[in-house]
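J.: Could you put the whole structure together from the sequences, leaning on the hints where they help?
Protein chains in written order, with numbering that gives the first Met the number 0: chain A, 0 to 298; chain B, 0 to 186.
Read the hints as simulated data drawn from the structure, not as lab findings. Treat the hints with care, since some could be wrong.
[Claimed, not checked] A partial selection of chain A residues facing chain B, derived with a Cβ cut-off under 8 Å:
1. L17
2. C23
3. L26
4. M27
5. M48
6. L102
7. D131
8. S167
9. S193
10. A200
11. T204
12. A205
13. I267
Beta carbons: idealized from backbone N, C-alpha and C, even for Gly.
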Amino acid sequence: MAKERHNAEDFARPVRRLLTAVLCLALMAVFILWRIDSPRVERLRVQVMDTLVPSLDWAMAPVTGLAHLASDFRSYQRIFDQNQELKRELQQMRAWREAALQLEQENARLLDLNNVRLDPKFTHVTGVVMADSGSPFRQSVLINVGARDGIRDGWATMDGLGLVGRISGVGATTSRVILLTDASSRVPVTIQPSGVRAILAGDNTARPLLDLIEDVDALRPGDRVFSSGAGDVFPAGLLVGEVVQTSDRRLRVGLVADYERLEFLRVIRSRPLEPITDPGALIAPRLPAAALLEEAGDG
Amino acid sequence: MANPAVTARRSADGGTLWLMRGVFAVLTLVLLVVQLLPLGLLPAGWVGPDLVFAFALVWVARRPDFAPVWLLAGLFLLADLLLQRPPGLWAAMALLATEALRARAQDLRDMVFAGEWAIVAVILTGFTAAFLALWSLLVPYDIPRGLFALQMLLTLAAYPPVAGASVALFGVTKAAPGQTDALGRKL
Numbered sequence: 000m001a002k003e004r005h006n007a008e009d010f011a012r013p014v015r016r017l018l019t020a021v022l023c024l025a026l027m028a029v030f031i032l033w034r035i036d037s038p039r040v041e042r043l044r045v046q047v048m049d050t051l052v053p054s055l056d057w058a059m060a061p062v063t064g065l066a067h068l069a070s071d072f073r074s075y076q077r078i079f080d081q082n083q084e085l086k087r088e089l090q091q092m093r094a095w096r097e098a099a100l101q102l103e104q105e106n107a108r109l110l111d112l113n114n115v116r117l118d119p120k121f122t123h124v125t126g127v128v129m130a131d132s133g134s135p136f137r138q139s140v141l142i143n144v145g146a147r148d149g150i151r152d153g154w155a156t157m158d159g160l161g162l163v164g165r166i167s168g169v170g171a172t173t174s175r176v177i178l179l180t181d182a183s184s185r186v187p188v189t190i191q192p193s194g195v196r197a198i199l200a201g202d203n204t205a206r207p208l209l210d211l212i213e214d215v216d217a218l219r220p221g222d223r224v225f226s227s228g229a230g231d232v233f234p235a236g237l238l239v240g241e242v243v244q245t246s247d248r249r250l251r252v253g254l255v256a257d258y259e260r261l262e263f264l265r266v267i268r269s270r271p272l273e274p275i276t277d278p279g280a281l282i283a284p285r286l287p288a289a290a291l292l293e294e295a296g297d298g
Numbered sequence: 000m001a002n003p004a005v006t007a008r009r010s011a012d013g014g015t016l017w018l019m020r021g022v023f024a025v026l027t028l029v030l031l032v033v034q035l036l037p038l039g040l041l042p043a044g045w046v047g048p049d050l051v052f053a054f055a056l057v058w059v060a061r062r063p064d065f066a067p068v069w070l071l072a073g074l075f076l077l078a079d080l081l082l083q084r085p086p087g088l089w090a091a092m093a094l095l096a097t098e099a100l101r102a103r104a105q106d107l108r109d110m111v112f113a114g115e116w117a118i119v120a121v122i123l124t125g126f127t128a129a130f131l132a133l134w135s136l137l138v139p140y141d142i143p144r145g146l147f148a149l150q151m152l153l154t155l156a157a158y159p160p161v162a163g164a165s166v167a168l169f170g171v172t173k174a175a176p177g178q179t180d181a182l183g184r185k186l
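T.: Put into structure tokens, the structure is as follows:
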């Protein structure tokens, strides 16, 4: 009986096998194309996300809202404890606020004395988180601002408080933010008050690792970590978090950005420093074009 | 000669076939979108089962005609693109895995569930080993191997509930002996 069946399907089977082989080869070809020309295929990926995800927004928004509602509801159960805790914290905060106000006044006075002008280049675009990477192995989010809003690859993103990640992949209306926790994230940081430089290396855990530390002995848990301008990756001085030491005595960074609940992200517009390319043109008289060419040839 | 009444009752006509294919595609898309929801953004340190893969395996084992190879290829590639994986690698490997299962779909019909599950276990083990090997050869960045193996283990663990859900929600049961398709061919 089984034999009979196989005979009856003899004509379909090779066709199906051929189709499978062709499809597998096509998929592998896409993969190999990605290995050879990754930017082009990644652009395709961004386009797919850009067309698909915003059109699914109507479906995703209520579900996300419901899930947040559920987690909020869970937090109501602990509301009494929280209330007590908040009152205690508020008491402490009042003291801190007083200190902060005094410091602010002092700071303003000192700035005024020194005639310091603060860096005016930090303006930002705010975007809403639409989707995450969907995979436990990559840490990234998709936000709803893109090339249309002037977003460029490589810009820093923050939540209200601290650094969250960097833009990597910009579609017309969406862009992807690689979070600091992603295994491929590497960000140069400075640790205050010691001023030690290090690299913040994501490793798919909640607390990224401090790597390539200049001077390990100078660091204490609790030191504050800021982005450093090194390598023109990010503008300097964005707050990242504070140093923590884990039980295996490695130094990690507890991030101040609230990763549990990223809803709005600020993309920091940063302009690259203008490079100085023409030495000598300041003092020397204008040379005729021919002489310039000759000089270039000599050099 | 089959009993015509039985044949008529059981034959999946063309409409049903395409409907179920559509149901499978929509189901996969819904699973993908659910994964994309920005709920917890902290790295979890644990993984859930790969439900897209689990459903594909169940449907291919139970009703290969509802999840044809071209549909699987398209959906898998879309999953790769949406979930930030290297496009094509997982899709090609998963396609091979489901095709390996499809080739055995005939024998699965007469088997008890434990046998079906065992075959899926063997296929998933091979898939995991081959995928990790290919990944380390071809992809420039690392994947957490332990976590990936755990995910595949959980996918295997999710197979029975996913099979149950497929039967309960979508009526995806194994084709009965003598059941025919729209053209009267045996399934």
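J.: Could you run down the list of hints and mark each one as holding or not?
T.: Now for the hints, and whether the structure bears them out:
1. Against a cut-off of 8 Å between C-beta atoms, the interface hint on L17 of chain A is violated, since the closest Cβ of chain B lies about 11 Å away.
2. The interface hint given for C23 of chain A is met, as the beta carbon of that residue sits about 5 Å from the closest beta carbon of chain B, less than 8 Å.
3. Interface hint at L26 of chain A: satisfied, since its Cβ lies 4 Å from the closest Cβ of chain B, which is below the 8 Å cut-off.
4. A hinted interface residue such as M27 of chain A counts as satisfied when its beta carbon comes closer than 8 Å to some beta carbon of chain B; here the least separation is about 5 Å, so the hint holds.
5. Hint on M48 of chain A holds. Least Cβ distance to chain B is approximately 7 Å, under the 8 Å limit.
6. A least Cβ separation of about 33 Å between L102 of chain A and chain B goes past the 8 Å threshold, and the interface hint is therefore violated.
7. For D131 of chain A, the suggested interface contact is upheld, since its CB lies about 4 Å from the closest CB of chain B, less than 8 Å.
8. At about 10 Å, the closest approach between the beta carbon of S167 of chain A and any beta carbon in chain B exceeds 8 Å, and the interface hint on this residue is violated.
9. The interface hint given for S193 of chain A is violated, since its Cβ lies 28 Å from the closest Cβ of chain B, which is over the 8 Å cut-off.
10. Hint status for A200 of chain A relative to chain B: violated, with the closest Cβ pair at about 13 Å, above 8 Å.
11. Evaluation of the T204 of chain A hint against chain B yields a held restraint, the C-beta minimum of about 5 Å falling below 8 Å.
12. About 5 Å separates the beta-carbon of A205 of chain A from the nearest beta-carbon of chain B, less than 8 Å, and the hint is met.
13. Interface restraint check for I267 of chain A: the shortest CB-CB distance to chain B comes to about 19 Å, outside 8 Å, so the restraint is violated.
In the structure shown, a violation is registered for the earlier hints numbered 1, 6, 8, 9, 10, 13, in ascending order.
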